Amino acid sequence: MPLRRRLVVAITGVMLVTLGIGLTLTYAHARRKVDVEMAAALMNGRNIVEREVEELDATPEPARDLPGLVRVFDGHRHIRARLIDADGATLFASTPDEEGEVPTLLLRVLGGPVRTYRREVALSSNRRGAVVLETDARSEVGEVSGDAALDLTVLLILFVLVLAAVNLILARALALFAPLDRAFERIGRGDYAVRVAEAGPPEFARLARSCNAMARELERMDGQTRRLARQLSIVQEEERADLARNLHDEVSPFLFAVEVDARAIRDLSESSPAIAARAEAIGEAAAHLKREVKGLLGRLRPETTPDLGLAETIEDFAARLRLRHPAVAIELDAALTREPDPALAQALHQIAREAIGNALQHGRPTRIEIALSEAPDGLRLRVADDGGGPPAAGRAPAKTPTKTPTKPPTKPPGFGILGMRERVAARGGRFVWRERGSPRGIVVEAVLPVSHPVEVARSPREVTA
Numbered sequence: 001m002p003l004r005r006r007l008v009v010a011i012t013g014v015m016l017v018t019l020g021i022g023l024t025l026t027y028a029h030a031r032r033k034v035d036v037e038m039a040a041a042l043m044n045g046r047n048i049v050e051r052e053v054e055e056l057d058a059t060p061e062p063a064r065d066l067p068g069l070v071r072v073f074d075g076h077r078h079i080r081a082r083l084i085d086a087d088g089a090t091l092f093a094s095t096p097d098e099e100g101e102v103p104t105l106l107l108r109v110l111g112g113p114v115r116t117y118r119r120e121v122a123l124s125s126n127r128r129g130a131v132v133l134e135t136d137a138r139s140e141v142g143e144v145s146g147d148a149a150l151d152l153t154v155l156l157i158l159f160v161l162v163l164a165a166v167n168l169i170l171a172r173a174l175a176l177f178a179p180l181d182r183a184f185e186r187i188g189r190g191d192y193a194v195r196v197a198e199a200g201p202p203e204f205a206r207l208a209r210s211c212n213a214m215a216r217e218l219e220r221m222d223g224q225t226r227r228l229a230r231q232l233s234i235v236q237e238e239e240r241a242d243l244a245r246n247l248h249d250e251v252s253p254f255l256f257a258v259e260v261d262a263r264a265i266r267d268l269s270e271s272s273p274a275i276a277a278r279a280e281a282i283g284e285a286a287a288h289l290k291r292e293v294k295g296l297l298g299r300l301r302p303e304t305t306p307d308l309g310l311a312e313t314i315e316d317f318a319a320r321l322r323l324r325h326p327a328v329a330i331e332l333d334a335a336l337t338r339e340p341d342p343a344l345a346q347a348l349h350q351i352a353r354e355a356i357g358n359a360l361q362h363g364r365p366t367r368i369e370i371a372l373s374e375a376p377d378g379l380r381l382r383v384a385d386d387g388g389g390p391p392a393a394g395r396a397p398a399k400t401p402t403k404t405p406t407k408p409p410t411k412p413p414g415f416g417i418l419g420m421r422e423r424v425a426a427r428g429g430r431f432v433w434r435e436r437g438s439p440r441g442i443v444v445e446a447v448l449p450v451s452h453p454v455e456v457a458r459s460p461r462e463v464t465a
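Note that full-length UniProt numbering has the sequence shown beginning at 1, numbered continuously upward.
In case anyone wonders, no lab produced these hints; they're calculated from the structure. The structure presented is a predicted model; accordingly, all values stated were derived computationally and were not measured. Every residue gets a Cβ at the ideal spot worked out from N, C-alpha and C, and that includes glycine. A few of these clues could be false.
With beta-carbon atoms standing in for the labels, derived distance ranges [as the list claims (entries may be wrong)]: (1) M221 to L336: 46 to 54 angstroms; (2) G357 to M221: 52 to 60 angstroms; (3) L156 to G190: 25 to 33 angstroms; (4) E250 to G357: 28 to 36 angstroms; (5) G146 to T116: 48 to 56 angstroms; (6) G309 to R278: 35 to 43 angstroms; (7) G190 to L243: 33 to 41 angstroms; (8) G190 to V17: 43 to 51 angstroms; (9) L158 to A197: 16 to 24 angstroms; (10) D222 to G309: 55 to 63 angstroms; (11) D147 to R5: 50 to 58 angstroms.
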């Protein structure tokens with residue numbers, strides 16, 4: 001539940017408890033007030049009856065004036081008077097107050113029991129009767145209920161106003177956190193350049209300053225990490241180039257010399273088949289080493305060439321894979337209006353090779369789609385397959401017919417993903433690896449900026465191909 005709703009619910013609960021306490025206190029006060037009024041009214045009526053009876057006893061015919069005693073209570077708000085005979089039959093009754101009727105339930109809850117007073121009187125020389133007074137709480141209950149309704153109305157209005165004010169205050173207070181929320185979301189996506197205005201209440205300003213300080217530190221650390229990664233990549237490329245140059249300039253000539261000498265020994269030893277056979281074996285070994293060195297040179301030197309370009313290089317790689325995996329349809333869709341710089345092309349090509357290799361090695365694809373396109377923030381490479389997703393535990397790798405035997409995997413697929421992610425991070429790009437549902441498979445997407453934002457000092461050594 002959102003914080004705002006929690007606070008509103010909590011305050012509503014407190015107000016409802018307060019309203020319940022107010023209702024209880026109002027009921028207790030109203031009941032006590034009705035009881036006090038009824039007791040006082042009955043006491044006053046009793047005094048009137050006693051006084052009037054004493055005065056009537058002093059008259060020659062007291063029974064004749066008894067109805068007048070009852071009429072004293074005509075229109076009384078709290079007392080009803082009756083003159084009854086010895087059998088309880090009503091001979092004469094006062095006229096009740098003509099105020100509005102009160103609901104029976106309300107009268108029963110607030111009115112309490114009816115109080116009575118009975119005064120024996122002589123109706124004649126041989127007949128006895130009584131004047132009976134009964135409390136009537138209708139008027140008092142109506143008055144008390146009206147006051148209680150007014151109090152409760154005021155309390156409800158106060159409750160609504162307080163709730164509305166609290167809701168408004170919370171809305172304005174929590175709205176201050178919206179920029180922080182957006183800033184944290186962008187920071188989570190790797191955008192450390194975001195800043196929050198350090199304004200508003202002191203508490204929020206402190207949070208904004210802390211957020212900005214964190215973003216600046218993350219931006220500094222991210223820049224440093226990218227510079228180090230870029231430097232490491234450059235050093236690796238330089239070492240690869242140096243190793244390739246040494247193999248080409250130093251090892252290859254010696255292998256060529258060994259091959260020439262072996263051929264010469266073979267030609268000079270026609271009379272000795274054993275020596276000729278040995279010379280032939282030496283020549284074949286030298287030729288094999290030359291092929292191995294040539295393969296190493298191909299792997300150490302950059303994969304892309306200025307003559308082919310990025311799309312053509314990937315297409316050439318895909319064509320070789322089609323020959324080895326005829327059951328897999330490998331398609332390339334390249335929509336580039338300009339050729340990227342060699343370093344960017346090299347990074348994209350290596351990512352494409354790794355993604356395609358992962359799909360063939362760890363899945364059972366029948367189709368691999370490669371897409372090269374231009375994005376607002378750089379170049380986008382997307383490799384998608386239908387190989388069924390990452391390998392489950394115990395599942396054998398994909399088996400596809402090949403013309404040459406494939407080597408068993410030497411590293412888990414996670415390392416390949418890590419390598420692609422590091423290559424993208426080194427150039428300040430974005431990398432996504434995810435599963436897709438239909439058809440089930442893996443999607444690898446990398447977006448690399450055309451101009452890398454990090455300046456790195458190159459080594460003074462000349463890097464040769």
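Outcome of the hint check:
Distance hint check for M221 and L336: the Cβ-Cβ separation is about 33 angstroms, which falls outside the suggested range of 46 to 54 angstroms. Remark: the range hint 52 to 60 angstroms for G357 to M221 is contradicted by a beta-carbon distance near 32 angstroms. A hinted range of 25 to 33 angstroms is violated for the C-beta pair L156 and G190, which are about 52 angstroms apart. At roughly 31 angstroms, the beta carbons of E250 and G357 sit within the given window of 28 to 36 angstroms.
The supplied range of 48 to 56 angstroms is broken by G146 and T116, whose beta-carbon atoms lie about 27 angstroms from each other. The given range of 35 to 43 angstroms is broken by G309 and R278, whose C-beta atoms sit roughly 48 angstroms from each other. The beta-carbon spacing between G190 and L243, approximately 34 angstroms, falls within the hinted interval of 33 to 41 angstroms. Between G190 and V17, the C-beta spacing of about 48 angstroms keeps the proposed range 43 to 51 angstroms intact.
Between L158 and A197 the Cβ separation comes to about 37 angstroms, which falls outside the hinted range of 16 to 24 angstroms. Our hint of 55 to 63 angstroms for D222 and G309 is violated, since their Cβ atoms are close to 32 angstroms apart. Here the CB-CB span from D147 to R5 is close to 36 angstroms, at odds with the stated 50 to 58 angstroms.
Of the hints listed earlier, those the structure fails to meet are numbers 1, 2, 3, 5, 6, 9, 10 and 11, in rising order.
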